[in-house]
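K.L.:
All chains, please: the whole structure from these sequences, using the hints.
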Amino acid sequence: MLLHVTHETRYEYAPPVETAQHLAHLKPLATGSQRLVSHLLTIDPPPAQRGELPDVYGNTRAFFALEATHDRLVVTAESVVDTSVPVLSDAIARELPWETVRERFRFRKDATFDAASEFVFPSPYVPRHDDFAAYARASFVPGRPTFDVAMDLTERMYRDFDYDADSTEINTPAVEALAQRKGVCQDFAHIMIACFRTLGLPARYVSGYLLTQPPPGQPRLVGADASHAWVSVYLPGEDDGAGGWADFDPTNGRQPGEDYVTLAIGRDYSDVSPMRGVLHGGARHTLSVGVTVQPVGEVIELAPQSRTQSTSQDKESP
18 MLLHVTHETR YEYAPPVETA QHLAHLKPLA TGSQRLVSHL LTIDPPPAQR
68 GELPDVYGNT RAFFALEATH DRLVVTAESV VDTSVPVLSD AIARELPWET
118 VRERFRFRKD ATFDAASEFV FPSPYVPRHD DFAAYARASF VPGRPTFDVA
168 MDLTERMYRD FDYDADSTEI NTPAVEALAQ RKGVCQDFAH IMIACFRTLG
218 LPARYVSGYL LTQPPPGQPR LVGADASHAW VSVYLPGEDD GAGGWADFDP
268 TNGRQPGEDY VTLAIGRDYS DVSPMRGVLH GGARHTLSVG VTVQPVGEVI
318 ELAPQSRTQS TSQDKESP
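For the sequence shown, my numbering assigns the number 18 to the initial residue and increments by one for each residue that follows.
If you're looking for bench data, these hints aren't it; they were derived computationally from the structure.
Watch out, some of these pointers could steer you wrong.
Said to hold, decoys possible - Pair ranges (Cβ atoms, derived):
1. E35 x F80: 15 to 21 Å
2. G160 x F124: 19 to 25 Å
3. D165 x R293: 21 to 27 Å
4. P144 x D72: 39 to 45 Å
5. A151 x G49: 30 to 36 Å
6. F80 x D147: 36 to 42 Å
Where a beta carbon is used, it is the ideal one built from N, C-alpha and C, also for glycine.
P.N.:
Have a look at this one:
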């Protein structure tokens, strides 16, 4: 499926910002199930310096610096991505019980290094906590394969949690969102990752987009979508061999398909926030984010809509 994604981030500053440096994760990844056809990052006002480099997880991270006084900043990323249904790697030992996978990631002297082990440890938004283990245990049935554990947990969270954009903020602890059984996709991803890590299994955070469908008979609206987040769980191969990652979306109770676009991966949201920066000036600011995901053939048929205020999963740092 050819998908066109527009992600516009707009800041209004008062008083004006004198200088600023920003980092952005806005360029979709190339993966086994998606190919980046084109990408354009437009910055207004034009920066004095700009560039891009891969980060430690292989994401493309853009850098730009503004050296002139400005009272607004508009960053627009336009991408065309060719997506397909993700397929599990043949190397994965799909029937391995989750306890066996956990044992592989226990520290052992002279053990073969597995890069997935980095995603077993706590991270800024994903602590280990007994409450995560208590919630997870109903899915972590003894002897159940890890894939089946992840699918069961995904479906349970979809049933047990309410999507409520007003219930959490960007810094709401995952354990608090777990207790209230409310949140947004960022919260649900952090909770599911914490369940796996607390029980000793690797899981990572995925940011991206989801193609949504307008109500019957209604046009697709520009800027009406939002960033999305889901979870990637590591499934090793036989006899300590390399395996692969499988994605799960607890917000929607399903695995991602060709209607998903992967933007970046990391330990949690802190590694892949769409925009962050350091400012000199601009004591107050307002932020609005507009995201549009659409099949390429529909691009010229869209009805306009004013930018939407950012929701919790795409609240970007100043």
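K.L.:
Please go over all the hints and tell whether each is borne out by the structure.
P.N.:
Evaluated hints:
1. E35 x F80: 15 to 21 Å: Check passed, 19 Å falls within 15 to 21 Å.
2. G160 x F124: 19 to 25 Å: holds, 24 Å
3. D165 x R293: 21 to 27 Å: Because 37 Å falls outside the window, the suggested range is violated.
4. P144 x D72: 39 to 45 Å: This hint is violated: roughly 23 Å between Cβ atoms.
5. A151 x G49: 30 to 36 Å: Holds: the Cβ-Cβ distance is about 35 Å, inside 30 to 36 Å.
6. F80 x D147: 36 to 42 Å: Once the Cβ atoms are compared, 40 Å apart, the range 36 to 42 Å for D147 and F80 holds.
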